[in-house]
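Novice: If you read the protein sequences in the order shown, they are chains V and D.
Residue 77 in my numbering sits at position 77 of the first sequence, with consecutive numbering throughout.
Residue 228 in my numbering sits at position 228 of the second sequence, with consecutive numbering throughout.
Everything labelled a hint here was simulated from the structure, so no lab data went into it.
Positions of the beta carbon are idealized from the N, C-alpha and C atoms, including for glycine.
Please note: incorrect hints may appear among the correct ones.
[Said to hold, decoys possible] Just the calculated beta-carbon pair ranges, DEER-fashion:
{"id": "1", "chain 1": "V", "residue 1": "ALA71", "chain 2": "D", "residue 2": "ILE223", "range": "39 to 47 Å"}
{"id": "2", "chain 1": "D", "residue 1": "GLY200", "chain 2": "V", "residue 2": "LEU79", "range": "27 to 35 Å"}
{"id": "3", "chain 1": "D", "residue 1": "ASN79", "chain 2": "V", "residue 2": "ARG61", "range": "37 to 45 Å"}
{"id": "4", "chain 1": "V", "residue 1": "MET4", "chain 2": "D", "residue 2": "THR231", "range": "26 to 34 Å"}
{"id": "5", "chain 1": "V", "residue 1": "LEU30", "chain 2": "D", "residue 2": "THR46", "range": "20 to 28 Å"}
In case you want the letters, here they are:
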Amino acid sequence: MAEMPLVRTVAGAIAMREDYDIEAIADVKLIVDEACSLLVDRAVAGTQLVCRFEIEPGTIRFAAAVEGFDARPIDDTTLGWGLLVSLVDDITHGVDTSRPLPLLRIDVLVRRGGSAP
Amino acid sequence: MTHPHLVNAAWRDSSEGYAHLRPLFEKMAQLEPGPEKAALRDELVTGHLPVAEHIAQRFSHRGEAHDDLLQVATVGLINAVDRFDPDRGTEFLSFAIPTIMGEVRRHFRDTGWSVRVPRRLQERHLAVSTASSELAQQLGRAATPSEIAAHLGLSKEEVYEGIEAGNVYRSQSLDEILSPGEDNTAMADRLGVDDDALDGVEYHETLRPLLNQLPARERRILILRFYGNMTQTEIAHRVGLSQMHVSRLLAKTLKGLRDGIADS
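Chain D with its partners taken away, still in its complex shape (with noise of 0.2 Å):
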């Protein structure tokens, strides 16, 4: 399979680019695996990649992210260095050009869906969105799934799978910005949970007034424990009393405190 076009497009560049590279192919066959073998590989591959970014190009159209299409075309380059025998005479780039393209069609119809969706559901899909395209042009308006079946000749059912296939052609990643808009923030960013923190507003919002009702010294004790960290030795040090007798206020305040919330 030559892409006539494609050829010619490559074969204007090889007058000017790729003509050096061609002894190389040659040298590379006569050695053996090893450093030298593999720098020669690397300098056609990098010394083609025009090639690969050429036939990258011609698919672009089709909703497939332009880097991906880049990577597999290069694969395919890669694949065609690998494979390719200068003793048959032919030259590289009537080989690399079948074989990027078929690189690049395999990555369609494998990869193209987001969920693996048997073959013959893929090409019913295709069918019905290629149907109905041309039944809305033709009648003006949105076709119906049975006048789609008539149209192709398949049975309501198998419209029905077809446009149900569609679905999964392309999964939302969680990564996906959503509009572009003013708050563009990733779907996973927008995915809610309850806050861990609602439970601690509820309790602070009980325990204020208890607290304000506390004397200042026990008030005071508290404050240095639980939002100073304080050990109760160091608070005794603080507020002039026994470690004993802040142990004593300590548990006294929090028995008074979850008496409180519990009445409130």
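This is chain V alone, in the form it adopts within the complex (with noise of 0.2 Å):
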């Protein structure tokens, strides 16, 4: 939770560096945060939040996985899931039951342009 501020600083230097607009560029780390918020509310303390960034031209890739407390999916009736559905071109959650602890993951995608409102 401490590292917020850096994943959120990685995440505007990128989108600044991929030439995505003053707009996007805010969007994105508003997207990275929000995505973030959500799975650090049900990861198990302690444990570490994943991110990932992968780059394309014209598209950003950001997935992030945190070790949570049990199964559930993700709740996608929340506000914070609304507001991230608003700003993505797409966007996926899911959980992989397969290891001791359940991993909870969101992978979403941006497009330079695309995102418009």
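Join these two chains into a complex; the hints should help.
Specialist: Here it is in structure tokens:
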């Protein structure tokens, strides 16, 4: 949780260097922030939040995952989720139960100039 | 540097408001430092306060709290009163206005930023944000860093620095009210920590069934000891047993409870 500002800054820097417009840069930060807080809420204290950015020309994929207390899927009726959906071009969430602790993940995709509201 | 408009505004006031203060400057200049001089200085500062207010007002749309601006302008006014030399033959206002303006400008330059950023980056940020709003108007959408770079004739890296510098222009106060909505609590009140009593809840919930299984007399002793905070002798009195007996019963009950918690 203490590293969230870092993740946010990295997200902003990537969007900036991929030449996303000024508003989209702010959006990408918000998306990463929101996705991570949805996961952190469910994470076992003291475990890691794993974030991965994949950059292809014109798209940023962001994947975040935590080890959760239980295998309930992410609640997609919350305001936070609704906000995410409105900002991204594609979003999925899932639970991997093949491990000792269930792995909760959120994957999003943001296209340059494509996520106009 | 004079500001015709401001000088005029203040001048208009001066015909009504400040003229009577003028002789005080000469009087003050002749006095030795002391209570009388200090009183004159106070009178001059308070008498000219509307000037500071005028100037603070002019800057109030730039995102600084009005009270802060007024404070800074007043400091400028005090400096002006202290530095003014009536022998020079100039009017106080033509000296005071640039002095106060200078103070307010310096405030914007030095403390407008929450985190001190090198001058070069402050200017870069200003250029980038001006360019970005100009471009947004031209393009009908938000500009990208490369468009801003082309517009300003800067490299992309330089634009990146300018954008990032903006992150620290304003910090968020812990006392800030987040939204004017129904639960307008300050930021600090929302930062959560684990409640110290959480462990207590767990013990409490485990203990309850065990407590219910205790014989009535043992339960009573336990309650008197730990909830009533009574000494063993007081308890002995209450339940009609010897203190020794109470002590033994307490020890036995506590051991039973500990074992019970360990088992469950």
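Novice: Decide, hint by hint, whether the structure agrees.
Specialist: Results of checking the hints against the structure:
At about 42 Å, the CB distance of V:ALA71 to D:ILE223 agrees with the hint of 39 to 47 Å. For D:GLY200 and V:LEU79, the Cβ-Cβ distance of about 32 Å falls inside the hinted range of 27 to 35 Å, so the restraint holds. Hint check: D:ASN79 to V:ARG61, Cβ distance near 58 Å, so the stated range 37 to 45 Å is violated. Between V:MET4 and D:THR231 the Cβ separation comes to about 52 Å, which falls outside the hinted range of 26 to 34 Å.
In this structure, V:LEU30 and D:THR46 break the distance hint of 20 to 28 Å, their C-beta atoms being roughly 49 Å apart.
Of the numbered hints given earlier, the model fails hints 3, 4, 5; all others are met.
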